[in-house]
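**Q** Respectively, the protein sequence lines represent chains A and B. Using our numbering, the first residue of the first sequence is number 1, and each one after it goes up by one. Using our numbering, the first residue of the second sequence is number 1, and each one after it goes up by one.
No lab work stands behind these hints, which were simulated from the structure alone. Virtual Cβ for every residue (Gly too), placed ideally from N, Cα, C. Some clues are possibly wrong.
As the list claims (entries may be wrong) - Restraint-style ranges between C-beta atoms, simulated for each label pair:
{"#": "1", "chain 1": "A", "residue 1": "E438", "chain 2": "B", "residue 2": "M1", "range": "52 to 58 Å"}
{"#": "2", "chain 1": "A", "residue 1": "A394", "chain 2": "B", "residue 2": "D305", "range": "49 to 55 Å"}
{"#": "3", "chain 1": "B", "residue 1": "F128", "chain 2": "A", "residue 2": "T185", "range": "54 to 60 Å"}
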Amino acid sequence: MSSLSATIQNIFNEPGCAKNANKSDAERNKGCTKQVQPGGAAGGCAFDGAKIALQPFTDVAHLVHGPIACEGNSWDNRGAASSGASIWRTGLTTDMNETDIVFGGEKRLYKAIKEIINKYNPSAIFVYQTCVPAMIGDDINAVCKAASQKLGKPVIPVNSPGFVGSKNLGNKLAGEALLEHVIGTHEPDYTTPYDINLIGEYNLSGELWQVKPLLDELGIRILSCISGDGKYREVASSHRARAAMMVCSKAMISVARKMEERYGIPFFEGSFYGIQDSSDSLRQIARLLVERGAPSELIERTEAVIAREEAGAWAAIEPYKPRFAGKRALLITGGVKSWSVVAALQEAGLELVGTSVKKSTKQDKERIKELMGQDAHMIEDMTPREIYKMLKDAKADIMLSGGKSQFVALKAAMPWLDINQERCHAYMGYLGMVKLVEEIDKALFNPMWEQLRRPVPWEEVAKNRQTKVMAQMDAQAAEVAADPETTRRAKKVCFCKEVDLGTLEDAIRSHGLTSVEAVRQHTNAFGGCCKRRIEDILAKMPVSSPPAMLQAAE
Amino acid sequence: MAIVTTPKKACAVNPLKMSQPIGGAFAFMGLRGAMPLLHGSQGCTSFGLTLFVRHFKEAVPLQTTAMSEVATVLGGYENVEQAILNIYNRAKPEIIGICSTGVTETNGDDVDGYIKLIREQHPQLAKFPLVFVSTPDFKDAFQDGWGKTVACMVEVLVESPAGGAERDAARVNVLPGCHLTPGDLDELRTILEDFGLKPSFLPDLAGSLDGHIPDEFTPTTIGGIGVDEVAGMGRSSCTIAIGEQMRWAAEAMQAKTGVPFRLFERLCGLIPNDEFIAFLSDISGRPVPAKYRRQRGQLADAMLDAHFHVGGRKLAIGAEPDLLFDLSSMLHEMGAQVTAAVTTTQSPVLERIGTNEVLIGDLEDLEELARTRNCDLLITHSHGRQAAARLKIPFYRAGFPMFDRIGAGHQLSVGYRGTRDVIFDIANLVIADREENHQPTPDSWRTSRQPLKPSRRSFIASTEESIA
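My request is simple: use the sequences and hints to build the entire structure.
**A** This is the structure we're talking about:
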């Protein structure tokens, strides 16, 4: 068992990572997580990443050891889908309190594990370490080991406290936990020459099921999916697969590479986003399986399925071409998707005005150039303000991006579509790509946009009226300014009854009033609050008999 | 009436509670041009951010000091300094509000001290509004974070009025609890203005998270109460605090400025609103506008129409103390039995809830109680959706977060009108449930009949008590 820092160093030395291989030794030692900037950072922590990578295992209880923030603020927030078990969606946390911080949280953790086993009896428990228990020195490895032995259940420590780095590092730490504690601990009931692993596929919105029927049709068995709709037993016995596909993500590369190293399972990096990509991935799977001893007729059968599916997909996209003519899309996403979706969108007739390449590799960029031409607009980094301006100036008709930037588009009254993990539609495989085109069509042609972009008619009316009123007010103000006495007398005394100082003074003078009650009788100034103010006015006024009474006396 | 208990579990299952720092950050979101900053690791911010975005469906400003492992060991001064400078230079906010987290409270960062040093080191920040609140994750809950933060805002941002300065009789401070939505605040504003009063809301989420579309893109909050207006709150004639959680802030206001306060524990229900409207009429010296006489009549009628459906329902409710007290009392007063009540943190209002026991627990506790006590109405935030599906009983979403429905920011529960809407919504859920799931069959009368249980008698007793 190695220390956390050794594990992280090990991850940074990943030879399977193309980016890493191009670095100098010194650079490599620095690691590949960019130093995040206080006050300018976005994105999750390592714990977040580890949980994202492992939570889609559906028959596992995911227990978060930490104060309430880590699980209380985040549970049940991802749209992975399960075909059976539901324990993975149950929020479990030790909810550490002040006492635990002072005396240590190990006992509480052990008790929590025991409670979960007694109540829910899951296939396994994954225990996630977070910052606070890591700081106070809770040894979750030891607790998990003891719990496994005493309680007879796999209890797996996932050592990924948030402060060690980014979400991406957390993905990798999750992979390490699987390699160290899970993979290879079980034998499958049976094996076939058609067994594969999918690594780094999370079955968001159930999108895996858009592709799985094709694999089923070809007789290819997903021995283990890490981790979408996965089961503990499956991943524990995944070392018997014949081939592996690393899906659309570099996050799990160390899992794929080490499984190749330890168990001789060859892998390729592929994607099921986009029509061409789906076909390529199916071909690769068939090729690898045949190389590992599956009958070669698999390749022909695969080609037949590809031909059928491609024809179906293109035919389904065809009707959208005339509707999309002249429409421009802006694609803000990461890595492989920066080009894998491009082909399908172009085929549907959309013009791509830009694609982000922030997380893309050199090869990704080459592919973009192939697809979009040498002068492809590759966006390295765009601030929300710039995106907003681009959309507001109508340089694009729709933006496709992750959820984080959605309001930038929507608040500019521009169509937007979620193509990242929080989305509620599934876009994988041939079916998924057709679905994506459908969704773009719905977004683009919604009659709502036109209403929202129309200028408000009463703004104009109000503006005209305002100009008139302003002119009048200016004239009045000029008059008033000329006479300071008018201003003095116009001061409101009783705000609720709108009585001004002049009215009160006149009343006092003409009727010779001396008490608050008398003033109230002669004016509107009744109510609670102005008594003191009327008293003030009375005090300031000269005590004199009113002229009317003087006259009468004479 | 109610006994408050804490279960002896080591593992919280399906948490009801959310952490204190994001409650604090939430309060800062009601200030104009604000950037809330959590002093902790990236995840502390990103989880909270995701939660707010899913609830409001709005861009939400929230930053992090991005504490690394090393910074956590050596102390976070540099991270706080850099974060403040970066935000100050890039986002150009009018105020930065800082909340600590579990990480930085465990290592004991003295952020107040840091701020003093930072102001000395960077003269451009000498007068810049910075408010720090200590909100460890491992203590208290969301509403406590909100309450503490508003109290801190009052202490730091409100100016003590100069001696002899005249108060503005029409101006009123409103300190709303975090259980009120932007829609509730707009409703309160309308009511107060109808009495000729000029309210200042602290915080004012209605200005920032009501969904309006700003003219320009801004990385900070797009509205809310301005720092200048907060400074002048000491010249108001009185303060209205809503929810027990706002007592700290109201007392801080009184201590600093002498402005007297009146705390309204609830604003959902007939009697609480009668008191509220009477109070407004009193302080404004104006008769109650005809509009509210009509609305009161409408609420009375809604209660008459709904009591057939709400009366006798066995309610299972999980919410933070003030919301729990507000909604459960309103339904209790409509004849529902508060059969299971679970909350997140201690509060003086809990023992006055119309039930025998209030549990400081989680949604597993609530689900279990609802099942064993045959509850037939569930009220909690969106995380109750799994429990509702298993229990197969009508589910009314209330509180934060509400991420699986839209319009969370405009759900109304205050005033005569808000109460009327809540009653209609809940009664309609019950009606729909009866039509979909409880249609009588030739046998249903003999099999589904249950004898009166002792719990029912005790409910009647407790109702009589509360009436008396």
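**Q** Each of the hints needs a verdict: does it hold here or not?
**A** Okay, the hints, checked on the actual structure:
1. Between E438 (chain A) and M1 (chain B) the beta carbon distance is about 56 Å. The supplied range of 52 to 58 Å therefore holds.
2. Taking 49 to 55 Å as the suggested C-beta distance range, the pair A394 (chain A) and D305 (chain B) conforms, at roughly 51 Å.
3. Checked against the given bound of 54 to 60 Å, the beta carbons of F128 (chain B) and T185 (chain A), roughly 57 Å apart, stay inside it.
Figure legend: structure checked against the earlier numbered hints; every hint is met.
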